[in-house]
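Student: Below are the chains, spelled out letter by letter.
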Amino acid sequence: MIGDIFLTGCGQTKFGEWWQKSLRDLIEEAMSAAIADAKISPIDIDAIVIGNMLGEALSGQAQLGALTSAMLPHRPPALRVEAACASGSIAVHTACALLESKRAETVLVIGAEKMTDADPSGVAAALMGAGDSEHDTPSGLTFPGIFGLIATRYMHEYGLTREDLSLVSARHHENAASNPFAQFRNAVTPQAVSDSSLIADPLRLLDCSPITDGACAMILSRTHRSSMSLRASQIATDSLSLTQRPTITSFASTRDAFSRACEEAEITREDIAHLELHDCFSIAALINLEDMGFADPGTGIRLYQNRSADFSVNQSGGLKGCGHPVGATGVKQICDIAKQLKASKQQYGAAHNFGGAGATCCVHILEHTTNP
Amino acid sequence: MQGGTIVSFTTVRHPPAGFPDTPVKLGLVALDSGIQVIGQIIGENAMIGDRVAPRLRLARIHPQGLRIYEVAYESLARVAEEDAFVFEGYLLALTGPSGVGKSTVSKILSKALSEYVTPVPILTTREAKEGDDGEYIYIAHEEFVALQDRGLLAASTHIPSTSENRLYGYRTSDITNIWKSGRMPVVVTEMHLLQGLSRTFGRRAILSCGLLPPGSSRRAMLSQLLHRLRTRGRDSEQSIADRVKNASADLDFFDYRKELFDHLLINDDIDTLIDTLKGHVLRTQEETH
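Protein chains in written order, with my numbering: chain G, 1 to 372; chain C, 1 to 289.
Among the clues, some could well be false.
To be verified - Partner residues are not named here, just some residues of chain C that face chain G (Cβ under 10 Å, in silico): (1) K25; (2) L28; (3) G49; (4) D255.
Just so you know, the hints here were simulated from the structure itself, not pulled from any lab data.
Backbone N, C-alpha and C define an ideal beta-carbon position, used for all residues, glycine too.
For reference, chain C alone in the conformation it holds in the complex (with noise of 0.2 Å):
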């Protein structure tokens, strides 16, 4: 069982037969691993947002006589959630879909910062390719699982594949060590990770940059990641397919979360990219210092 946030919640004033007859405040919750589930709140003021804890509770009574238990939310804290966490530095966010260069952008713009950012590493579940540059730490699926449960990474998420079972994750002692050494941590991620981010560090502490690629129209944009997957010769078809079908998905989070991103940049010309994201970097560093 895991915890979550509240993304909406509702009291049903006429639960329906085989209900107990009294309204009953159930919640749309945003669990921890990025799956959503329906379940009843428990505590006063819940709110959106708000962070929820796991309780098992006896929901109904079958005619038959069988007790029928269901996970219930309960909300801890009515703190707000910004104000919960400690600001200890900024965390450099590049968020877009596969293929957009963001492992590039990342690589150019340490070097070209080098005294500034660090890479943050992926933990990963998945074997080693020929083309990984360093970026990952691969470890195995029960340590991942382990660690998680430990509540050491910053943010996990599943990706779904069709041909493999793959976990992806941040250590929060990799992120942390960067802050303490004075600079700003660099991360490559995705959007279940981003939020995982922003609920870990809070949304403050992120300068959040969404990547997309060029093209006027969004059958543009997947097209010319097609091209950029095929070149790469890094994947086979059938993952090339399945990269193409998550970036679909990454597309759309732009719109619909646009609160999480500072910046939305076209991976047109890198040049001119990194320029802009040295620009922010920079203002952000003198910002804190």
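Just chain G, same shape as in the assembly (with noise of 0.2 Å):
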């Protein structure tokens, strides 16, 4: 990171379904939101980036910057940027180029999706967007068909059961039904999650994070000061299509822009307290601790079987707690290390975001000082 940047506001909308509120809706509740939180003149704001997946698919809606520029009394120049589930973070890492080029001093990043309007066949038809669209579509293959093919191969070379894989979604929900936010304010037990109907075998209806509409919004700025500043913003990339990987039961993108981030906030994963972690479907959550090195190779389901006390996985409730409106969850992610960095007053925590089945990773890490 060249230069301080800093965490000033945040901002979301409730996570759900929201049947009453357009994708035009979302992002200005969301907009208002940080804006207040951070106590800045909307006119401070220089540059707007907005992370959104299917605006013209679900909403018929592109140029997405440019209606979300319209909304500010000055109309800043704004962009539209997207990688699938990692649109939100790939916004965040966007507006740091900005920040650190000194194109802009005050950027509103913002990640939005509207999802449930659309029939369900269509939402999986346009998430396969995000898959390849020559090597893996024309079989069939779905996202969480995309993601049965991994916990397949993932229980038969470490031989994870499905009780065990149950308690992912289980602390997920758990965690989740304390936060204002999420869609699931519910808890559900791991044999709940073990009888749901299956959706792509072995995972499960509770395996699969859902489809939900909802907003974020957050203001980083060099010069508007707060105690919450990004340390590192690092993406990485893999194969589209798992058809070209030497293995599916871990994810490159992952190892490589969790140990740049790392690197590049002179950081090691012990220094860590929070992480929210991109669990779009359960076994990601556990391949992704691993790759991260917070557990060795098909180990990372003990994170959930026992608690730690330093270091929190995904408080918030994840993905599957809170919901998965698609481009915005990237940028919620970071928001939510923010709120658990305040309340524990611990310094570091990391947010780590994904599209498709790790085609694209983008790690962020924040830090709390306790003297700005």
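Grab the two chains, each in its own frame, and use the hints to assemble them into the complex.
Tutor: Here's what the structure looks like:
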């Protein structure tokens, strides 16, 4: 990171089914909340970056940059970025580039997605855009199917059981219960996860993050100081298609992005007190923990079997509990880390967000300084 | 169309729009050429590791009436893979990135243990080069493909290169003849060929040794290889760049497919390495006789 980038303010809509709110409404609500939280004047914003995946497919709306910019009196320059489920975090990454290069002093970052108005098969087809349209899609593969392949192989290699895997979603639901912005604030027993209907074997309904509407916004600034600052922002990529990977039980992009982020922030994994990771499907949470080195290969489940007092994973409820409005998730994770660091008075937290089956991965590290 | 092995599978309960509305079993299949594909799996109780054969199947009918056929994969025998092999003897496989010294090790070992081991010639479609030392048999591309089609190759692969299209492989007969003479075949190999050999003879028949360059980090290992390739003076700069790229994938392979290796050895000091290998070979020979 060149110079200090402060996280000056955050705001989000509650994640859920918002039949009365359009994509535009969601963006406006999150943006206003972030500006109010940052206590800055809207005209201090000199650029906007918005992350969104499905605007055209599900709302018939592209040009989200201009759409958002028109909500501010001075219409600052605005652009929209996309990397499937990592759209939110790469919007933050893009904003960092604008700030580091001194193109901007204060940037509004938004992640937004409107998903529940379309019929589920349309949403599934649109989400499959994150896969490889030549190698994966023609066989009739869906995203749950991709992670079903990964889970089958993982269980084969490491002997993970159905009962073990069910602990992941159960914990995420339990955490979401205390998050007022989460879509599902109800506890779910591991048994209920194991009993839910099959989606793509061995994955069941409650292994999958839901379809959600929501938006989240943040103000990043070089000049408006705060106790939260971004210490690292790193992107890594992998092949789009599973067929081109030497292994499907490890995500190279997670390994690369996370190790580079630690290097950039000059910290080690032990310094991280709070982690929000991308649990689009329960199995992904385990593999990501292993690829970030918090567990050895095959042992990620131990972090769900035993609680750690000084390290939290998806305290917000993760994608499973909070809901997963695709483009909003990456921004929301960073805002949640900021909340967690403020509450625990710890120093470092990390947000891990990926798109597709880890084809794009983006990791951010946030530092909380008690004397800004 | 080629056969292959199931790497993983899932049943998609709700196929996307445009596909028949019934659950479909899909698999990630590693084809014998080393390429992986996703396709429908036919047959009850297919398992990871099962051999599959390609079958052309009507996948769906486009709204305009176009009939779309895709390759599906039928699972062959539900017999555990290892049990299907007749054990004929051990095969010593030396796997490692280009430049790590596999050929040198194989040559010295063949001399040191001349009563026990015989190197297996490598079939290749590439041109002979100065510095090649009798380890290759050069054949035409068409001839190679013909052998492949007739099932006479124990393993074959296409090694990517920007400058040429090269196929490498071993003849099954070369290996079985060495066994018949009561000796142990030694193959200098790489990741795809090693997997192919394991499919042909069974993992159990392979005394599999991975050779690593010295160096404490990945970068140190790669720079060590680059140095060796340059001093060897056999390749152009372009070809060296290709080899280093492939070497990087080879190093990953040691991690990803640990189960394919019995021993990982560092080629730091050639004498120590040869002694270690001799020990492994002699122990295995005692076991067999």
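Student: Taking the earlier hints as the rules, which of them does this structure contradict?
Tutor: Every hint satisfied by this model.
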